[in-house]
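S.K.: As you go down the protein sequences, you meet chains A and B in turn. Quick note, in the working numbering, the first sequence goes up one by one and the last residue is 415. Quick note, in the working numbering, the second sequence goes up one by one and the last residue is 65.
Read the hints as simulated data drawn from the structure, not as lab findings. Do not take every clue at face value.
As the list claims (entries may be wrong) - Covered stretches of chain A (chain B as the covering partner; in silico rule of three or more C-beta atoms under 8 angstroms from a C-beta of chain B): (1) 170-179; (2) 184-192; (3) 195-205.
To be verified - If you want a taste of the chain A side facing chain B, the calculated C-beta under 8 angstroms gives, among others: (4) R62; (5) V98; (6) G244; (7) P253; (8) L273; (9) V275; (10) G276; (11) S279.
Quick reminder that beta carbons are idealized off the backbone N, C-alpha and C, glycines included.
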Amino acid sequence: MNDHYDVLIIGGGPGGAMAGKAVAEAGLSCCIIEKRPAIGTPVRCAEGVGQEIYDFIDLDPKWVSAKIQGAELVAPNGQVIQLSSEMAGNEVGYVLDRKMFDRELIWRAANAGCEVYVKTRAVDAIVENGVVKGAKVEYAGKIRNITAKIVIAADGVESKFARWCGIDTVVPMAELETCVQYLMTDIDIQPGVNVFYMGNEVAPEGYVWIFAKGERTANVGIGISGKKCRDGNRPKDYLDRFIQEKFPDGKIIELIVGGVSACRPLTSTVSAGLMIVGDAARVSDPLTGGGIINAMYTGRLAGEVAAECIKEGDVSAAALKKYDVLWRESAMGKGLERNYQIKEIFIRLSDDKMNSILGSVQKIDLEKIGTKEIVKELIKYNPWLLKEISSLKKILG
Amino acid sequence: MLSIRREICGYCGACVSVCPEGALELVDAYLTVDADRCRDCGICARVCPLGALEVADERSL
Ligand SMILES: Cc1cc2nc3c(=O)[nH]c(=O)nc-3n(C[C@H](O)[C@H](O)[C@H](O)COP(=O)(O)OP(=O)(O)OC[C@H]3O[C@@H](n4cnc5c(N)ncnc54)[C@H](O)[C@@H]3O)c2cc1C
Ligand code: SF4
Ligand code: SF4
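So here's chain A without its partners, still in its complex pose:
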């Protein structure tokens, strides 16, 4: 490990890996540090991604567990809404094997020339006159100062680095989806179909997912709002009740837990010498919880902008701002704001209203229409939505 790099990246998830690859491909020196002993494990993910994954990587059967052709939504009253491959839009995609996938991304970064160190933890930031200059790093039992022209914080939902640099990264409790998932086998599922259960009884302010990983194997998980957690009503309690009813004979072969931010992104994802990407920047989708692609997108963009700024000799906040502006103006950035507002509406719905909304989904031709159009169609069938929730007008422009 050197004492200085052009770019130092904290965290070896999809965000960090994509940033490392972009910086190395631009011919600059860079290093990813990852505090865990192995990349990709333990997994904190349901592993679902849409077709957009092709914008970043060609899929390989090695890290794809299942191809998904359709989705089912189960309303609180048990009504099942089927979204076929033509209708499901973004829901169609893949269930990854993230242990393999994350490793592949890191391997690609390393292959491009980025150094990678596991079991190496950032313990503090080095900041001089308000400019981030590097990190204090615990490596092989010793604390070392590693300096860099730019540090990219890709340290995920438990991000501390940006906080050490003086940025408020706290996720409000009500906007933290707290999750538990079992990898279950020997269960009756529909291979190739992802199922979502909704309703305040099943998953308050969240949902239960069954993401098929094979013929009789699936990720069965739940996310609920942090503010709904109580003793006896924690995500694990809800999930245990759910599987007791649906899959009483299933075998649990893995337990994972996690947090997903469902808040707005950080108000700024740069400061002098610092860029923040992926979950650390709070860019997971507030409606679905999906964050893999957003982490890859922001990671790659941050790496590209970092390389550009270093080559131009300007790592000021103003220069790095280009990254912040670009992602906010992108389809991803606009989608985050729209989905945040839609989420705010959905969490206030009673089960009756949710039944009514989900019931009308069946009447809508979902093929080739985006979230905005779907919401417009929903209002057509549920005019009370617009009356009750004036903020919808703003979303629809």
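Given the coordinates of chain A, assemble chain B with the ligands onto it according to the supplied hints.
M.R.: Then chain B with the ligands, alone, in the frame of chain A:
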């Protein structure tokens, strides 16, 4: 005072991301708490998906 049941913790970071004081951190496979910073607000205990945290004198949130 915050107590951590390490045998239950699943190393997920949910609690770290909501602590308003930055008092929590995941170090190796363990959650650690900086007792000087912790103000016993109980927010972290509320969001833990497994119930690994407990605050003795949890204030009402
Ligand atoms: C239960 C659950 C289900 C999910 N399901 C989906 C899904 O189906 N689809 C989807 O798209 N997204 C899903 N997500 C979200 C997705 O997992 C994340 O959005 C994605 O992993 C974010 O990537 P990242 O690179 O930003 O962060 P991470 O993948 O979290 O990587 C951050 C890395 O930084 C490391 N790190 C942290 N602090 C330090 C430090 N101080 N020093 C060194 N390293 C550090 C961590 O160990 C970690 O490896 C889910 C999340 C959860 C919790
Ligand atoms: S009790 Fe409050 S201050 Fe203490 S660690 Fe938990 S969230 Fe942080
Ligand atoms: S939220 Fe619970 S399981 Fe997750 S790191 Fe904190 S104590 Fe551990």
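S.K.: Find the hints from earlier in the document that the structure breaks and name them by number, from lowest to highest.
M.R.: 5
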